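4 protein chains.
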Amino acid sequence: MKPVNLIEYEPLAQARVEADAWDYYQGGSDDEVTLRANRSAFERIRLRPRVLIDASKIDTRTTVLGAPISMPIMIAPMACHVFAHPEAECATARAAGQEETLMAVSTVANRTIEEIAEVAGGPLWFQLYTNENPRVSERLVQRADAAGYRAVILTVDTPRLGRRERDIRNQFKLEARSLLANFQEAVADEPTFSRHVTDTWETVDWLRTVTKLPLLLKGILTAEDALLAVERGVEGIIVSNHGGRQLDGSLAAIEALPEIAEAVAGRCEIYLDGGVRRGTDVLKALALGARAIFIGRPILWGLAVDGQEGARHILQLLRNELEVAMGLSGCPTLAGINRSLVKIL
Amino acid sequence: MKPVNLIEYEPLAQARVEADAWDYYQGGSDDEVTLRANRSAFERIRLRPRVLIDASKIDTRTTVLGAPISMPIMIAPMACHVFAHPEAECATARAAGQEETLMAVSTVANRTIEEIAEVAGGPLWFQLYTNENPRVSERLVQRADAAGYRAVILTVDTPRLGRRERDIRNQFKLEARSLLANFQEAVADEPTFSRHVTDTWETVDWLRTVTKLPLLLKGILTAEDALLAVERGVEGIIVSNHGGRQLDGSLAAIEALPEIAEAVAGRCEIYLDGGVRRGTDVLKALALGARAIFIGRPILWGLAVDGQEGARHILQLLRNELEVAMGLSGCPTLAGINRSLVKIL
Amino acid sequence: MKPVNLIEYEPLAQARVEADAWDYYQGGSDDEVTLRANRSAFERIRLRPRVLIDASKIDTRTTVLGAPISMPIMIAPMACHVFAHPEAECATARAAGQEETLMAVSTVANRTIEEIAEVAGGPLWFQLYTNENPRVSERLVQRADAAGYRAVILTVDTPRLGRRERDIRNQFKLEARSLLANFQEAVADEPTFSRHVTDTWETVDWLRTVTKLPLLLKGILTAEDALLAVERGVEGIIVSNHGGRQLDGSLAAIEALPEIAEAVAGRCEIYLDGGVRRGTDVLKALALGARAIFIGRPILWGLAVDGQEGARHILQLLRNELEVAMGLSGCPTLAGINRSLVKIL
Amino acid sequence: MKPVNLIEYEPLAQARVEADAWDYYQGGSDDEVTLRANRSAFERIRLRPRVLIDASKIDTRTTVLGAPISMPIMIAPMACHVFAHPEAECATARAAGQEETLMAVSTVANRTIEEIAEVAGGPLWFQLYTNENPRVSERLVQRADAAGYRAVILTVDTPRLGRRERDIRNQFKLEARSLLANFQEAVADEPTFSRHVTDTWETVDWLRTVTKLPLLLKGILTAEDALLAVERGVEGIIVSNHGGRQLDGSLAAIEALPEIAEAVAGRCEIYLDGGVRRGTDVLKALALGARAIFIGRPILWGLAVDGQEGARHILQLLRNELEVAMGLSGCPTLAGINRSLVKIL
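Protein chains in written order, with my numbering: chain A, 5 to 349; chain B, 5 to 349; chain C, 5 to 349; chain D, 5 to 349.
Keep in mind that the hints were calculated from the coordinates and are not lab data.
Fair warning: there could be bad hints in the mix.
It does not matter which identical chain is used: a pair holds within one copy or between any two.
In silico SDA-like links for lysine to any residue, alpha-carbon gap of 25 Å or less [what the hints assert, rightly or not]:
id: 1; residue 1: 61; residue 2: 182
id: 2; residue 1: 347; residue 2: 136
id: 3; residue 1: 347; residue 2: 165
id: 4; residue 1: 347; residue 2: 320
id: 5; residue 1: 61; residue 2: 116
id: 6; residue 1: 216; residue 2: 48
id: 7; residue 1: 347; residue 2: 172
id: 8; residue 1: 177; residue 2: 324
id: 9; residue 1: 216; residue 2: 60
id: 10; residue 1: 347; residue 2: 16
id: 11; residue 1: 347; residue 2: 133
If you're wondering where the values come from, they're calculated on a predicted model, not measured in any experiment.
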């Protein structure tokens, strides 16, 4: 029997992924406190469903930066889908397209920006890790623009790599373990992915000079930084702690969301990334101010179990759960979801 | 030795009920967070007993919508008692009658409205799931009225079925698994139970045109909806999350009760349904504003273990526990129970 | 090696006491929620020790209702010490005397009021369960007075027995299981212990007409009742939930203490009974307003393990722990202990 | 493979240390509630990392009482390093020197004040347990001064020893188990370490007359005592509960820090000692007002596993974790760390 929820995919996927890659996918930093908090924080939020509202027709459609998607559930940027399936990001992109939603493509994908764009049926955003050589970053962004990506996501929570102890013990190196496709082009002077970044708010300004694509910042966890982002005019903020893989002990994503939503007050779009496993989690995130959420590891679980179809099934399951949750909470449209839908214990 | 409390009935019942039906009875939706919360929320409420009050004579009698019952403990509407015992709802109704309390009869019972009425010794309320064909609903209500039921309970938390994963895995279908007695009559055009409902507040108004019976709404969890219900003039509100079977993550019933009691401020009767297993739970619910409570699954446990006598024993045990709790808290009558009896941690 | 703390006595005692009597000693009512809360509530209280105060000489002496005792630790009234040791209450009373503290003697002791008084070296208080025949109660109180008891404790939390399910399952009956010594005298008309009591505040007034002994109420858990007690002029209040044996779900004793101490504001003495196992627990209770505490079950553990010497060792261990705790918190005398010593989490 | 964090050293060390000495190192008092709270309290503090700050160059350097150290991580005073390694405190001191940080040397070291000073590469502070004979205390302090120690730490939380039950069961006596080096000199009249102390605030004044070294108080847990310390003009406060070894149930060190930092308001330096195991713990302590932290037991673990190199590795691991944490939280210098970096749940 097919899994009936996202969580059931986890052990099935583990049986199919090599141990060190599985640790890389699943692990968090240090004691994995934040990794666990991303989930447990949802349990301290109660839903306050409303009744006797005609919810026979559920409409999950929305737009993100103007791009229509069929539901407020998008695929988070994640490195190296190839550990899950040989078709890697191309399979994931096709799944996203089938479900008419957006995929964010990682700088460190195993397929090139262009290969993914070619097979994607839905909108794409490009996630950027900057390079110490700005020309490398510029080139990546311009390739994304040329390939039809709709926005650039600058990851701001990774000035250095978090202490992922599973990877340290496994001596796991992403670059050595698989082909980082976007760094294989025959550009003599800067072919290599580099981790050494010194991004500042000036990087944001510089990015504006390189591309006209909308700009999102991923990894903001405080109202203070959200306000700075709004002042810089970014189009979107992704509230995220990098799946618990960077600073251990930092706020759970859903814990940080309320103060950010209040500070931003509608001046840019806000998305949540971190710990979503259930349709009711999506509902909670939307109630607390997210326009849409990103789903990460479960997509890789689906991909590992059944390739494109598995990734697609993950999206289908979560969509179905969201529809049920919207129906049962008296919110047939996303517009009806607001802060009064939740009570934080 | 006979069980000394409700909880001891649970494993005894499990041994007597078929596995898929047991899952149907016991299960909640999704991760069963709300199912568990219905119980655990009671543990965060402390009792503040008063002393040196003559409680040698305990009086548990009360009325619900004017109907006298011997105690503020009623039988919740539940589908398909036949999985527990061949005499099904008729056994339950006789047990309720013996203990002089009220039974709420489900639309999806295994015995007809009329059959149950015939054997019931206590007052009955009819729980309505509306049908996409309003004539079916109308007919059910009118049959209930004709059979002497005292009120109609409109379930408002089930615009669609919750995601009960045990049932999904078991491929459990209520309609296929047993006879839904109220849908067997020889009416050519609408013989079938349908899940597809689009109830709104207009449904409430429409029901008023169909019957003069008092009307209760079951499944309200917010002060906002309680106020709307009061404005519509309903006679009663049943605070319930459908035993944790509909929207997972929603408030525990006892968590929702205080805000509803405060909002309603006595303008209609309020009952609690969800998680009651002890006489002290009844006391806590009454202190927080309920006029009476409904007991659900334990009745089916008693029924499974010993038919009518088992269901009756459940009621007797809970009555006895309530009497002891009233005696030990200095509340010989229900009128003496108020908010100062509890402290929420 | 001798046990180093009270807790280590528990398994040793269990091995020496018959199973049904052990259950009677150890058990609480219903789900034993309050029994556990009596302990766990202490863990939510943090100590705020003060430093650089000369605490080389610790003075634990105090008085209770004017009677000097060597430490603010007294023996709670408990039924039937004979299950622990054949010398029963006489052994306990000698142990209390050796440690120069007070013992409260239960109505349902296995030795008579007079026998215990004969061997006791310290002050005694008499705990009274009233009888449906007031002459029986009167006779008990007058015997206590004649035998030199210093006060009467009226237990007010037992208008009926709590639902102790261990005893129900064991079909345990105190009266049948051992000799209730105080009800063996050759008074033709009222020789029997009765449970049927209807105590009210009038009982308190009536007791005043029967004896000039100071009067304490045991089993108060609310500020409201503490105020009523003060108005009636009682000399002392024992904050207690009867060791978790009466109303399950009621406040832990230490949880109830602050509101009672605030309400009483010094107008009578307050003692705590419930869950004390450590010297730091005594300190917390005193900081929150108790003048002294009662220790219950551990005395029976000591008695079971080593008779009089075991009970005495329990007192010695707890005294030693209290002295260490006073020394380490900068409170060489009891007078220095106040509310600022604790922080409730 | 070498351990990747401090925690991994714990079982390795246990295999190398004799059982009774291990219990001495690891144990806390009574139920070890405070021992555990020292760790668990950190988990209730969330980090609020800031982004887009150039943190490519991390500077962990600071000063403590004017002495430069390479990082805000110092070695806590601990008795008898010899149980971990035969080179005892000399190995530890060399490790501290290699990592350019400070070591606090215990009165009850296994190497003399002078031996340790001879090999130490970094600054030293001398921790003083006073003696009932003030001349012994005076002599110790003057030896420390002569040997180049930079300050005296007066431990104020040990007017008597905490009830460490592991040691009671093991009949463990520090003096009998190893050589307390500082008490071996041929001074006829006071050669013996004594536990009997009666320190008061006058002891602080007296110490001033004995030495011109800066003075710190170790073991303060309340704002009240911190204010008294400031009034006495102490140069520093070490917030500590003695590793959970003195008054069980007292505040966790990190729980006490905020009220102390607020009360002191910069008038002396504040350090935290207790429960630090992670670089993020250091960050939390600094955010809540500590200038630097002390690390205790893990140093002994490192020492047990690999002598000087092991102790040094502990410091290196924690330094590296701190650098990563500073980088990931947008705090390249210690000056940038403040209260807004944390949220206490």
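Which numbered conditions among the earlier hints are violated in the structure presented, ordered from lowest to highest?
1, 2, 4, 5, 6, 7, 9, 10, 11
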